[in-house]
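Student: Below are the chains, spelled out letter by letter.
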Amino acid sequence: GAGVSQSPSNKVTEKGKDVELRCDPISGHTALYWYRQRLGQGLEFLIYFQGNSAPDKSGLPSDRFSAERTGESVSTLTIQRTQQEDSAVYLCASSSLPGTVYEQYFGPGTRLTVT
Amino acid sequence: AQSVTQPDIHITVSEGASLELRCNYSYGATPYLFWYVQSPGQGLQLLLKYFSGDTLVQGIKGFEAEFKRSQSSFNLRKPSVHWSDAAEYFCAVVANSGGGADGLTFGKGTHLIIQP
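So the sequences go chain by chain: A and B.
For the first sequence, my numbering assigns the number 1 to the initial residue and increments by one for each residue that follows.
For the second sequence, my numbering assigns the number 1 to the initial residue and increments by one for each residue that follows.
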């Protein structure tokens with residue numbers, strides 16, 4: 001079946017512009033996660049959606065970052081007034097219901113370059 | 001909050017030799033533990049996971065990992081590496097409270113180089 005998809009695969013933007021990154025989770029997966037991977041670094045957790053519950057935003061690095069999710073489907077990560085330090089690969093993951101032995105399935109990522 | 005340490009940034013191994021990648025975690029209880037692999041231009045792929053039970057877990061591609069509570073470690077091993085194993089390897093943990101549904105905490109990764 002289809003995996004997690006993300007678009008665009010690459011995005012180059014000028015400093016100060018806003019960007020939107022999209023994630024389509026695996027069908028039926030209720031949990032959705034966003035991570036950031038800076039060059040040569042591990043992944044940093046950004047935000048987590050589970051069903052209709054309020055999202056866990058504890059990992060968002062600043063108020064320039066926000067994310068939305070439509071029901072249990074598509075999610076959009078928005079970065080306002082981009083800075084050069086926002087350059088990274090942004091990864092989305094989805095998983096099935098918690099309460100079972102679960103694992104996160106990752107998309108291919110969006111490489112964001114802020115010039 | 002949990003944390004993960006991967007002490008080796010780079011490891012070079014000859015093809016056919018054995019491999020061990022180290023991972024230490026910090027968490028008040030037994031977390032859920034994972035190893036992921038990221039090949040150049042590829043997404044993250046789950047190699048194996050530990051939730052409970054047998055402390056030696058088998059994964060895909062011939063990898064295994066052993067959970068050692070006394071050492072807070074979850075080292076990844078493979079008896080004989082192949083050139084295709086060259087990649088970045090990440091250890092990750094998540095708290096087991098709430099069904100482990102929180103975001104994963106990753107180590108900084110170990111870059112594996114395979115010598116012919």
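Because the hints were derived from the structure by calculation, they are not lab data.
Quick caveat: nothing in here was measured; it's all calculated off a predicted structure.
Accuracy of the hints is not assured; some may be wrong.
As the list claims (entries may be wrong) - Here are the simulated lysine to any residue pairs, SDA-like style, with alpha carbons at most 25 Å apart:
1. B:K49 / A:G3
2. B:K108 / A:S9
3. B:K49 / B:I9
4. A:K57 / B:G43
5. B:K108 / A:Q83
6. B:K61 / B:E88
7. A:K11 / B:Q42
8. B:K108 / A:D56
9. A:K57 / A:T30
10. A:K57 / A:S9
11. B:K68 / B:G28
12. B:K49 / A:S27
13. A:K11 / A:S66
14. B:K108 / A:E103
15. B:K68 / B:Q115
To be verified - Computed far set for chain A versus chain B, every beta-carbon distance over 10 Å:
16. T13
17. K15
18. R22
19. D24
20. Q41
21. G42
22. S58
23. G59
24. S62
25. D63
26. R64
27. R69
28. Q80
29. E103
30. Q104
Note that CB positions come from ideal geometry on N, CA and C, so glycine has one too.
Student: Run every hint past the structure and note whether it holds.
Tutor: Here is what the structure says about each hint:
| no. | hint | verdict |
| --- | --- | --- |
| 1 | B:K49 / A:G3 | 19 Å, holds |
| 2 | B:K108 / A:S9 | 23 Å, holds |
| 3 | B:K49 / B:I9 | 21 Å, holds |
| 4 | A:K57 / B:G43 | 23 Å, holds |
| 5 | B:K108 / A:Q83 | 23 Å, holds |
| 6 | B:K61 / B:E88 | 15 Å, holds |
| 7 | A:K11 / B:Q42 | 17 Å, holds |
| 8 | B:K108 / A:D56 | 23 Å, holds |
| 9 | A:K57 / A:T30 | 17 Å, holds |
| 10 | A:K57 / A:S9 | 24 Å, holds |
| 11 | B:K68 / B:G28 | 14 Å, holds |
| 12 | B:K49 / A:S27 | 23 Å, holds |
| 13 | A:K11 / A:S66 | 18 Å, holds |
| 14 | B:K108 / A:E103 | 20 Å, holds |
| 15 | B:K68 / B:Q115 | 30 Å, violated |
| 16 | T13 | 22 Å, holds |
| 17 | K15 | 27 Å, holds |
| 18 | R22 | 16 Å, holds |
| 19 | D24 | 14 Å, holds |
| 20 | Q41 | 6 Å, violated |
| 21 | G42 | 4 Å, violated |
| 22 | S58 | 8 Å, violated |
| 23 | G59 | 6 Å, violated |
| 24 | S62 | 17 Å, holds |
| 25 | D63 | 19 Å, holds |
| 26 | R64 | 19 Å, holds |
| 27 | R69 | 15 Å, holds |
| 28 | Q80 | 22 Å, holds |
| 29 | E103 | 6 Å, violated |
| 30 | Q104 | 7 Å, violated |
Consistency note: the structure conflicts with the earlier hints numbered 15, 20, 21, 22, 23, 29, 30.
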